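Chains A and B, in that order, give the protein sequences. Residue numbering for the first sequence follows our numbering, beginning at 21 and increasing consecutively. Residue numbering for the second sequence follows our numbering, beginning at 3 and increasing consecutively.
Simulated from the structure, these hints should not be mistaken for lab results. Misleading hints may appear alongside valid ones.
[Said to hold, decoys possible] Computed cross-link-like contacts, SDA-like style, restricted to lysine to any residue with a CA-CA straight-line distance of at most 20 Å:
no.: 1; chain 1: B; residue 1: 52; chain 2: A; residue 2: 145
no.: 2; chain 1: B; residue 1: 53; chain 2: A; residue 2: 76
no.: 3; chain 1: B; residue 1: 19; chain 2: A; residue 2: 126
no.: 4; chain 1: B; residue 1: 20; chain 2: A; residue 2: 151
no.: 5; chain 1: B; residue 1: 321; chain 2: A; residue 2: 108
no.: 6; chain 1: B; residue 1: 321; chain 2: A; residue 2: 126
no.: 7; chain 1: B; residue 1: 52; chain 2: A; residue 2: 57
no.: 8; chain 1: B; residue 1: 20; chain 2: A; residue 2: 37
no.: 9; chain 1: B; residue 1: 20; chain 2: A; residue 2: 107
no.: 10; chain 1: B; residue 1: 19; chain 2: A; residue 2: 151
no.: 11; chain 1: B; residue 1: 19; chain 2: A; residue 2: 111
no.: 12; chain 1: B; residue 1: 53; chain 2: A; residue 2: 57
no.: 13; chain 1: B; residue 1: 53; chain 2: A; residue 2: 126
no.: 14; chain 1: B; residue 1: 269; chain 2: B; residue 2: 172
no.: 15; chain 1: A; residue 1: 57; chain 2: A; residue 2: 126
no.: 16; chain 1: B; residue 1: 194; chain 2: B; residue 2: 216
Remember, it's a predicted structure, so these values are computed and weren't measured experimentally.
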Amino acid sequence: MDQPSTSGFHEKARVMDAEAIRRAIVRIAHEILERQKGTADLALVGIRTRGALLAQRLAKELEVIDRHPVPVGVLDITLYRDDLSRIAPNPIVHATEIPFDVTDLRLILVDDVLFTGRTIRAALNALNDLGRPRTIQLAVLVDRGHRELPIRADYVGKNIPTNLQERIDVRLNELDETEAVVLEAHEVAPPDAPRASRARNGENA
Amino acid sequence: MALTAAGPATQALQWTKKDLLGLRELSAEEIRLVLQTAESFREISLRPIKKVPALRGKTVVNLFFEPSTRTRTSFELAGKRLSADIVNIATQSSSLSKGETVLDTIRNLEALKVDILVIRHAAAGVPHLIARHATSSVINAGDGAHEHPTQALLDLFTIQEKKGRIEGLNVSIIGDIAHSRVARSGIWGLTKLGARVTVCAPPTLLPTQIEQLGVRVTYQVEEAIRGADVLMLLRIQHERQEAMLVPSLREYRLRYGLDRERLAHAKPDVLIMHPGPVNRGVELDSSVADGPFSVILDQVTNGLAVRMAVLYLVCGAPKVDEGEA
Chain A
21 MDQPSTSGFH EKARVMDAEA IRRAIVRIAH EILERQKGTA DLALVGIRTR GALLAQRLAK
81 ELEVIDRHPV PVGVLDITLY RDDLSRIAPN PIVHATEIPF DVTDLRLILV DDVLFTGRTI
141 RAALNALNDL GRPRTIQLAV LVDRGHRELP IRADYVGKNI PTNLQERIDV RLNELDETEA
201 VVLEAHEVAP PDAPRASRAR NGENA
Chain B
3 MALTAAGPAT QALQWTKKDL LGLRELSAEE IRLVLQTAES FREISLRPIK KVPALRGKTV
63 VNLFFEPSTR TRTSFELAGK RLSADIVNIA TQSSSLSKGE TVLDTIRNLE ALKVDILVIR
123 HAAAGVPHLI ARHATSSVIN AGDGAHEHPT QALLDLFTIQ EKKGRIEGLN VSIIGDIAHS
183 RVARSGIWGL TKLGARVTVC APPTLLPTQI EQLGVRVTYQ VEEAIRGADV LMLLRIQHER
243 QEAMLVPSLR EYRLRYGLDR ERLAHAKPDV LIMHPGPVNR GVELDSSVAD GPFSVILDQV
303 TNGLAVRMAV LYLVCGAPKV DEGEA
């Protein structure tokens, strides 16, 4: 999820630039307000690391449009991963910081890339342990397909068809000092199993 | 809203040790990794549902050859909050009292496919011996007067929490240094993270050549108190009284006990710490133990988060290909 470009991958296409990312967030904010009919009882929960940054941007946008602050929390799903006992060393755990009670709120879960759906599964379980939200919807900047679980997004910045050997790299100013969504491919497209390439992606889900 | 959304993105170090035996063999970076991980775990115990599934299906054995309530309970709750299964074995009720050797006990436990052994023993080095023979992870919960790594880690965590740093602080450890595994682990950890450590005790309770660990030595408690940012008091162990290392507990209190009067020499923002159990009115007066500078109960709370972090980290260490066992 938060792995920078490593060797073996090269940029194949720049699918979103800074302006496209900005417009996508503004549009999603409007869609949320339309579907949720305002910001009452609404809260955003971003998945570490880039989902959390996007959630903060989305909250800012919602406040500009609706003139009400929307609470934002940060969720670390590490302890809920389904592959913890299969990977070593264990990934670094960061804190979950949700400074409000999620019970009875209408939550929007925010992440950068929707891929297998496993991260979202983990996030749903984590939220469940924090309380009982009235509803949970999902907003993502990019949906790249290849779901392995019955999960879908309610708000999508951009659908990007990919194959399993490719990866999507979301770069945000706050972390990466650049702003883009990049489609990357292997230097030499490997004929082998997609699972291996996914592990290398760090896209745990 | 001060959310640290980005978090430390550049975290290169990962935990690769199967066991946690002592702070002596940890690097400063490894110690910081434990503290950072514990920081993330702290919030879990504040939730209405105090449980995460991280160690689901793992089995932790608390194997205590010495009585303990605080440490054992802390490890037990830490494991439970991570969804591990915990088995407590007190040696009084085990086959060890029927003559089984320690290593046979371990072999039997490993035959039951356990994942982590938390071990306390009155003899120094027993957890190390076990770690060499076991394929499961071993956590030292106190061995003789040698090391008590999780206590030192929770002390470091508490200092970091209250002071915002450890480097450059003056920490005085006062009490029975000679018999204290807490002191030894504390000295390793504090000096590695850049604190200046002073130890203070009657000469009979100070090991010779303790300066070689990089600490300052004083026999004058006022000198240890003056200028200290942290005062760590250690228990005077009644059971050592037979050896006549101090003339009497009353005498010890008069010369070394921390009361309100002595505390007046301390910095205005001093922290008072104690690993427990406290002998009120001996090394520490109630007025100080319950006073505004005391963080003794914060230590207990933080101990839980630290032990959760340690269980999580050792459990995730890369497995070596079947050791000897």
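Checked hints:
Straight-line distance between C-alpha atoms of residue 52(B) and residue 145(A) comes to about 14 Å, which keeps the hinted pair within the 20 Å bound. For the hint linking residue 53(B) to residue 76(A), the alpha-carbon distance of about 27 Å lies beyond 20 Å, and the restraint is violated. Only pairs whose Cα atoms come within 20 Å are accepted, and residue 19(B) paired with residue 126(A) is rejected, the gap being roughly 43 Å. For the hint linking residue 20(B) to residue 151(A), the alpha-carbon distance of about 35 Å lies beyond 20 Å, and the restraint is violated.
A hinted pair counts as satisfied when its Cα atoms are at most 20 Å apart, and residue 321(B) with residue 108(A) qualifies at roughly 8 Å. About 43 Å separates the Cα atoms of residue 321(B) and residue 126(A), which puts this hinted pair outside 20 Å; it is violated. A hinted pair counts as satisfied when its Cα atoms are at most 20 Å apart, and residue 52(B) with residue 57(A) does not qualify at roughly 34 Å. Straight-line distance between C-alpha atoms of residue 20(B) and residue 37(A) comes to about 45 Å, which puts the hinted pair past the 20 Å bound.
Taking the CA atoms of residue 20(B) and residue 107(A), the gap is about 14 Å. The hint holds against a cut of 20 Å. Under the criterion of a C-alpha separation no larger than 20 Å, the hint pairing residue 19(B) with residue 151(A) is inconsistent with the structure, at around 35 Å. At most 20 Å may separate the alpha-carbon atoms for a hinted pair to count; residue 19(B) and residue 111(A) meet this at roughly 14 Å. For the hint linking residue 53(B) to residue 57(A), the alpha-carbon distance of about 35 Å lies beyond 20 Å, and the restraint is violated.
The suggested pairing of residue 53(B) with residue 126(A) is violated, with an alpha-carbon distance near 23 Å, which exceeds 20 Å. The hinted pair formed by residue 269(B) and residue 172(B) meets the criterion: a straight-line CA distance of about 11 Å does not exceed 20 Å. Taking the CA atoms of residue 57(A) and residue 126(A), the gap is about 11 Å. The hint holds against a cut of 20 Å. Distance hint between residue 194(B) and residue 216(B) is fulfilled; the C-alpha atoms sit about 10 Å from each other, no more than 20 Å.
Violation of the numbered hints given earlier is confined to hints 2, 3, 4, 6, 7, 8, 10, 12 and 13; the remaining hints are satisfied by the structure.
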